[in-house]
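Novice: So the protein lines, in turn, are chains A and B. Each step along the first sequence adds one to the number in our numbering, with nothing skipped, and position 35 is 35. Each step along the second sequence adds one to the number in our numbering, with nothing skipped, and position 357 is 357.
Source of the hints: derived by calculation from the structure; they are not laboratory data. Owing to the predicted nature of the structure, the values given are computational and were not obtained by experimental measurement. No residue lacks a Cβ here, since even glycine has one placed at the ideal position from N, Cα and C. Each hint can be trusted.
Covered by chain B, per the in silico footprint, the following chain A stretches (three or more residues, Cβ under 8 angstroms):
1. 10-19
2. 123-129
3. 139-150
4. 204-213
5. 253-267
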Amino acid sequence: MKRSMKSNLEVSGIYLIILAMFVIILYPLLWAVGISLNPGTSMFSAKLIPDNWSFDNYNWLFNDPRSEYTLWYKNTLIVASFNALASVIMVGLTAFVFSRYHFVGRKNTIYATLLMQVFPVLMGMVAIYLLLNLVGLLDTFTGLVIFYTVGGLPMNIFLVKGYMDTIPRDLDESAKMDGAGHIRILTRILLPLIAPILAVVALFTFMAPFMDFLTPRIILRSPEKYTVALGLFSFINDKMGNNFTRFAAGTILIALPISTVFLFLQRYLISGLAEGGTKG
Amino acid sequence: MTTEHTPTPRASRVSPSSGPGSDLGANPGTRSGASMGANPGASPAASRGTGSGSGLNPSTPPGASADANPATAAWLSVIPGLGQYYNRRWIKGTIFLALAVLFAIAMTAPLINGIWGLITLGDDPAVDDSRTLLVQGILSAIVVVILAIAYALNIKDAHRDAVRRREGFAIPSVRKAFHDSWEHGFPYFIVVPTFLLLTMIVIFPLLFMVLLAFTNYNLYNSPPAHLLDWVGFENFAQLFTESIWSRSLLAVMAWTVVWTLVATSLQIALAFFLAMIVNDPRVRFKKLIRTVFILPWAVPSFMTVLVFAAMFNDTFGTINRDILSVFNVSIPWLTDPTWARIAIIFVQVWLGFPYVFTLVTGVLQSISKDWYEAADVDGGTRLAKFRYITMPHVLYATAPLLIMQYAYNFNNFNIIYLFNKGGPPVPGQSSGATDILISWVYGLTFDQNNYKMAAAISIIMGLVVAFFAFYQFRRSRSFREEGMY
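Just chain A, with the same shape it has in the complex:
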């Protein structure tokens, strides 16, 4: 009797904590949604539950001639697609070589790549700017994609290499015996097995341009080439509060698809990250 009382108390305590966490987690998210439904653009008058809620801000983003939101969205889709494609190909090939081949200089190359991973790319932004300027890639999507793809290489290579290391080598050894070439071993034998982690890489590299405002801010100059994060950031930058409702509406439209995909794929994400992390 006493024992079950204690147990009940405990469970109630647990539920109470979980409830508190729910409030803390959901409040900011709901607040953002509420703000985006306020009719005006000012945050001074904006409320969590608007007096007369409306989709004005969403409407403005898509239908107002001054809004470049759809253009930004399209730009970001282009950059994101090419980034994901290029990343998956380069990461897959390099991780394959690192995981499966013994070649002169392998160890040093791996150390060098590991070391590159730890320096934040932000430190070299001035140089990137000058370099892209010199080769005429400033203010182009090509420059942005190259930067994203190559900058993300070290981390992604190790993610995939770690995962690939867990796949028995007997498989590709026997394929080799049967006369399969390098590329065939990769595409026919290993690709189906590493597909989950490559999907993670594709997802990460696809999502990155949607959330990064910093790199485009340095590389892109003309507003018609802005990515969506940079464009939204320009809504609130310098004049905090002025366009916050529009900003909220715009970001919610990015956050919704990303969060949904994320929640669906989280099982793969976790197993992929754990494999790559502990064994990479």
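On the provided structure of chain A, position chain B as indicated by the hints.
Specialist: Okay, now just chain B, sitting in the frame of chain A:
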């Protein structure tokens, strides 16, 4: 002058992919061929550049002269190609020679110009842009290093072929050589281009930044109006002796350490605790609870940090206006250093705990029930079970990822910058109260245009990061497993 220099980097960018590429391809090919003993004398380099020559057999008889002298071959290839001629590998030799001549003609002047620019940083502000000269200089230096490696490989190649000839291996046909080079040089076909790209996008900017720390580049002395000069360690001296800099550096470093340790540890502790209680068998709706708990991770942080910044806004933020006004208090979240720090740590814990929560939950579910049942039989207390079963399991599986979290927060620029741009400002310092090293560097670079100091601080930061990274890698499993295959 500027226009004269423009071709330099263009030419230099071409060179890595054509010149040394083929040489590097040659080395592994022949080398692994030798170790396998199956395809002796493979000549990948000869084939790689020559689409036209494929199918032609070198006119030398197979099998070879026992009098081939490796030393002679090596000495001859001081002029690339001659050593290969000596080995009677005519096509390979011709390609090497042609490449050498081409590079000598096309690259000598730009490379010398590049190095000259790197040393002088220009001598006439009207025509020289020191930044461009610096970029070209670094690129030239990189090209010189690559060419030197290619040159060394060329000599090595001639030497090795001669050794092999003396041992009586046949010289392969071009077609076979081409096949062999793909067969054995495959890793290099992938790794070399990848590394050239990494060199451009990752290593080059780091080199540039390192060099910038030894110049006098800031807002008042910036190209194109002025020329830059090398100033040695002056910036570092200033950083440690001038009070505005040394005080800022100390404050930022202290806060960076506190921020990294406190924010990360809190998010790990909270995640661990929540994962434990949600995993309790008596708790229902586990799936729903876990989905909600993952939301802060799923929603892009770009959005949530800015939303939090608005929520914490002193005057119109919802925290002061809607929540704290109930208790009739108003806290200066963004203008008071201490409150700003508390707020930013809170935001990071909110953002960061779901990742760790998910990791820990995964491990908790994989711990076999037998452990706990055995503990029950032995009369183990709850604390003992946690201490001796749960903790070791979780830490063993997640430790590397948890350490990565510390590293991540050390460089967590986004939250600091988006939340309050490193502010509020602190009198007598060039940094804000919540500035960590990386955001301070960003502010110095892009807001204050004080490039030299930003670069000097970056170097200090880079050294710290590299030290810990090296230490961590040495302990990590991947490092130890290296060399097992």
